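Trainee: Residue-level listing of the chains:
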Amino acid sequence: MSQAAGTLKHYFVTSEQQFDAAKMGMWLFLVTEILLFSGMFVAYAVYRAWHPEVFAHASELLDWRLGGLNTLVLLASSFTVALSIHFVQKGQNRKVVVLLLITLLCVAIFMVIKYFEYTGKFAHGIFPGAGYAPHGEAYAEYDIPFAPQFFSIYFIMTGIHGVHVLVGMGLFVWLVTRVVRGHFSSAWYTPVELTGLYWHLVDIIWIFLFPLLYLI
Amino acid sequence: MHEGSYLGASRGLKSWLLTTDHKRIGILYAVAIAAFFLLGGILAILVRTELTAPGETVFGQDQYNQLFTLHGVVMVFLVIIPGIPGILGNFVLPIQIGAKDVAFPRLNLASWYIFMAGAVLAVLGWLLVGKVDTGWTFYTPYSSGASNAVLWLTSAVFVAGFASIFTGLNFIVTVHKMRAPGMTWNRLPLFVWAIYATAIVQVLATPVIGITMVLLFLEKLLQIGIFDPALGGDPVLFQHFFWFYSHPAVYIMILPAMGIISDLMGTFSRQQVSGYTFIALSSVAIAFLGFLVWGHHMFVAGQSALSSIIFSMLTFLIGIPTGIKVFNWVATMYKGSVWLQTPMLYALMFLFLFTIGGLTGIMVGVLAVDVHLHDTYFVVAHFHYVMMGGALIGLIGGLHYWWPKITGRLYNETAGRIAAVLVFIGFNLTFFTQFILGSRGMPRRYHDYSALMDVMPEAAMLNLASSLGSYILAAGLVMILVYALHSLFRGKLASANPWGACTLEWTHTGPVPDAHNFHETPLVTRGPYDFHLADDVFGSDEEDS
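So the sequences go chain by chain: W and D. Just add 10 to the spot in the first sequence (first one is 1) and you have the working numbering. Just add 1440 to the spot in the second sequence (first one is 1) and you have the working numbering.
For the record, the hints were derived by calculation from the structure and aren't laboratory data. These figures come from a predicted structure and were not determined experimentally. Some hints here could point you the wrong way.
[What the hints assert, rightly or not] Which bits of chain D does chain W cover? Going by a derived footprint, with three or more residues having C-beta under 8 Å, they are:
1. 1446-1458
2. 1598-1612
3. 1672-1679
[Said to hold, decoys possible] Sample of chain D residues at the chain W side, in silico, Cβ under 10 Å:
4. G1665
5. N1868
6. F1872
7. I1876
8. S1879
9. R1880
10. N1957
11. H1959
[To be verified] Lysine to aspartate or glutamate pairs mimicking EDC-like chemistry, simulated, CA-CA at most 20 Å apart:
12. W:K131 with W:E70
13. D:K1617 with W:D30
14. W:K19 with D:E1960
15. D:K1617 with W:E70
16. W:K19 with D:D1954
The beta carbon of each residue, even a glycine, is placed where N, CA and C say it ideally should be.
Just chain D, same shape as in the assembly (with noise of 0.2 Å):
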């Protein structure tokens, strides 16, 4: 343990749970998102298993429902959402533009507890009351008329999206009132600027979903009548509340995710990352392009002609910040010293694998297409390369980035090398295999495809091709929390800058931050990625003549 750092500066489980620190709430989100990210996983795992075959394998469909619910549900608002944001989020933004905590550590503490009362809403309902089977989005009228545990669910969201709302409202004073002298919005690093624009999706979209579940609640408790069609209601209603919210979602999930790897290009390609200005708004494009965009869920399911026709549009307009990021994570390297680390593997999975999964939904916001892949395996492929190629991929992509920082140790190279190979083989040979089952037709939320086996034989060894590539991908996952326990304790030390970064985390602390960050409040001088200025990182020009 490296001395007088934040790790080391109070002892005990007390001094955990009722830390203030933003670095120690960064960890304790990442040992509960962990938890939650393996009860996912093993329930895709079961979903999985159950599709390796045509016919019932393992579980009966009213199983089968539950499971992919309540996959869906945990990986959503307990894993993916407050992932990045909680995690390195916390860790990382406050570091990053030269401040000692959060605006409001408290709240951020607080935060954390809202989290997790959410999540024992939702298991305490699940093992008491009675699962839930509507998948992870509620429709109405079936969630109004289903088991009381929606009810616990509902609430379960509506906790956890305070969570979320007080997170963003942090960070967005955080980086207007608390940043270091000299650290100007065009010095920010891009993580900041992603961190940032997210924040904004959350505090203006996350309300909206806790006032339609306070209404779904109400609707199912009081039969008040406005969701649910049999008592006069408008279920489409519901789903212009549900994808209000949820489709923003989306851009909490991805944007964040896109804010690592504008920092790992620039890191490890040792060059100023191309387009910093168009890279930095296009994160604040997307997140307000994200709220005209909700009804390109529901073009079959009843809205008129015309507002169809619009959410096409504006839906097609994502694509054009979104290219803009790409094009220029590209440019970055182009020409860059681009060093292979673990990390670096990830920001090139993830640009491969999300420019997929943002392509397809090009194609999945075309209205005449989207009337044949809506609800079908093309559509769970879409959404996998995004929220698990892009979100997820971005997320562990940026622990392995900051987890010398955060732990101070290093993880074994060739075992992290390994474990990125394999999930890139078992994530594409799981998905890339339900594009083609989608667009031959599959139904998404089947336990059984039996039916399908007489005009499609070729499902039975797609699936399983599917099946079995989730397999190689947990193996790839459980591989890295195996070399990340053994860092924890036998890894080797590492010193305050391995990857010759240049944002003030890397270069303005040490081995492992101290409990306030830093000795005195540095001065930032330049850009966070002038490697070309950053003589506290290369040393400067007169020591090596």
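The following block holds chain W by itself, in its conformation from the complex (with noise of 0.2 Å):
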């Protein structure tokens, strides 16, 4: 307890008052973050709805089997987050580097695959916006109209949510080296909690991401 006694601030009473006021707080930020995507997400589905045939064509071009496999790593990056979390709280800290380091070694699988399979589309003239000109077999025929805002939405929504990933690299790097330094304890594990919740928030964006984009 002598750990968590440091930790509390000044402006809180207990340290529940402060674990409970940070985790509301990130809860109130995955909202937004929800409500960001959701303007992404209205987009597709208008887009969609006026063009399902452009859509459900061009929607072919994406390889599902790299989405498929992208969406495994990201679940068992997912889960070996939420083990970290409960290694945390029983104070094995041990564990929780371990596990910290898979989860980041599925993390970098998953920006690999997305690298492989943006560069596969800009080989191809596959770009967002103006620089939309689709050549070489099997892509040549995707120079048609609405093609474009398909591939747009998709290069934004997954932008993004690469964006979002590499945050998430960069926290699970910065959790590492506190729990190396023993920062945390059973008393006191609040950031590997709240970055937990946002990994997860990441990970479910991609559930929904993965068969709107790749599958239907």
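Both chains come to you apart, so use the hints to assemble them.
Mentor: Here is the structure:
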């Protein structure tokens, strides 16, 4: 409890109050994240409703195997994050470090796959916006109206999601250094828990992006 | 200077720029927003000066379009939206609930820097890249085809939005988790309820303007074809996105002012605020209904007739919680001991001006009427009655009310009353004439209305009156600035509770609060307007006898 006492800010009365406040703040932040993405989901829904056949056709160009692999990788990372919170609550910091490193590995795999997906598209002239000029076998046929909108939305949504993934990577690196330096204990582990919440949201958004963009 | 106060706790510029004290952050906001208000006000005066007579008087059409665009952007995004939550919410809310600070003080300071970063982006873009003439609404396709300066201004709105989000988030958590013992939900001052309802809207609506600005930015930078019809995009979709935020944003502006008015009505009528629960919950009701009415900005934009009818009916519903507030404020004064100090003058002014603004809002919410009034000066007058007559008058009233607590000094009451009368006369002369102009068909956003003179010869006289009114209004506001500065350096020292108010910031702190607000956490045993129970204000009965 001495560590917990050291982390109690003067404007809180108890550690529980401080922890609850931090957690509630994080949940509210996640609400704003959902609303940020909701604008893009609405844009997707509107254009899909107007041009369903173009969107269905264009989505075939996205490789569902790569998307599916990324889904599995992200789900695994969410699992290891959840486990790391479990172990930090028990004070088993060595396991926390291992789990967070596995998480980082998963995140890195996700970004590497994303990199190959993006560059594969760029190589055939699939760019967001005015640069859109598909060429090459199996790509040239996508030079049709409203296919650019699909790919613009694809790049924007996965791009902003990717930015969130990179932020998550930074947070995990920061957490690992803090765990190693012994900053957390079963009495105080708020940053681990909050980062976990953030990561689950990043994961959930991908769970919606994957079927909407790759499968249907 | 009062000893041991938050003002004297530490000194130097650094102690202000790195402070995490919610009271000092409130003052940082006050200084910044006062500067932006001065800028926006000067622009307004320039706009009105151009319109003093038909024909081109001072500015060309391009300059005129840039002037009203910058006036709108500065006033909406840099003055009214951050105004009351940033200044008074920060200063007052934690003390009113008996907390030592907000839940996240560092985030609070960060939000001020983010706000300033947004402002700097706007100013830099304006000075270095070019001027924007899209109007504050950035409607596509005009905005996506206009100069690159739009990129800077949309980035500024995006960045400043995060300040609003973080402030709202902070206040929600603070109200939920930081209340003093005994400060139950039905003992919260109505200002706190209003800021809480506002914070909900800030958190839920602002991210949508954020993503809208990102999409507009990308539309302009990459031509992604979502909003620009030349690329297959839909400009009406932009309007939906924009108003999904910007209509709730109207309630971000007005709800906090309503909270101030509730506190003023109680304190200066010496009476329990009538219908406390109804006023508190009507703030929450307005917050939620506010999300369902954005389509009433688009009656002539090509949305379906069915949508328009539904949006119109939902718009009428807003009148119910608003009416509940207005009637309860009036009822609070009934048989109360009304004390006409300067803050109360502003409260009464709010009641008068906001009621006009609100009722004309119902008028433009009527489909058939709106088709005629859309884009006329009637709409301009309507939203100025709400935004200036409501939100800013509320802010000015609140600043007068809490001025002694913030600075520890009193201002000259006579000067305060004279300025209030000037503001009232100037405001009505400026904007009531615009109701007449608009209802007779004068369109907004034209620098030259000589074409109107054939059918509407009175337009010249009415516009001149409106412009003269704006000068009177400006004189009143400058007078406030002058006696505020005088008070700051020469004003009489204030007592801890000069108004005899009943809420914790008056009863449980010194003339100027300590750095940590309270010597010991207050134990709350009564409601915020229980004047009959407040021994700490008027002394107990035993002492009297």
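Trainee: All hints, please: hold or fail.
Mentor: Structure-based check of each hint:
no.	hint	verdict
1	1446-1458	violated (count 0)
2	1598-1612	holds (count 4)
3	1672-1679	holds (count 4)
4	G1665	holds (5 Å)
5	N1868	violated (39 Å)
6	F1872	violated (38 Å)
7	I1876	violated (40 Å)
8	S1879	violated (36 Å)
9	R1880	violated (39 Å)
10	N1957	holds (9 Å)
11	H1959	violated (14 Å)
12	W:K131 with W:E70	holds (13 Å)
13	D:K1617 with W:D30	holds (8 Å)
14	W:K19 with D:E1960	holds (16 Å)
15	D:K1617 with W:E70	violated (49 Å)
16	W:K19 with D:D1954	holds (17 Å)
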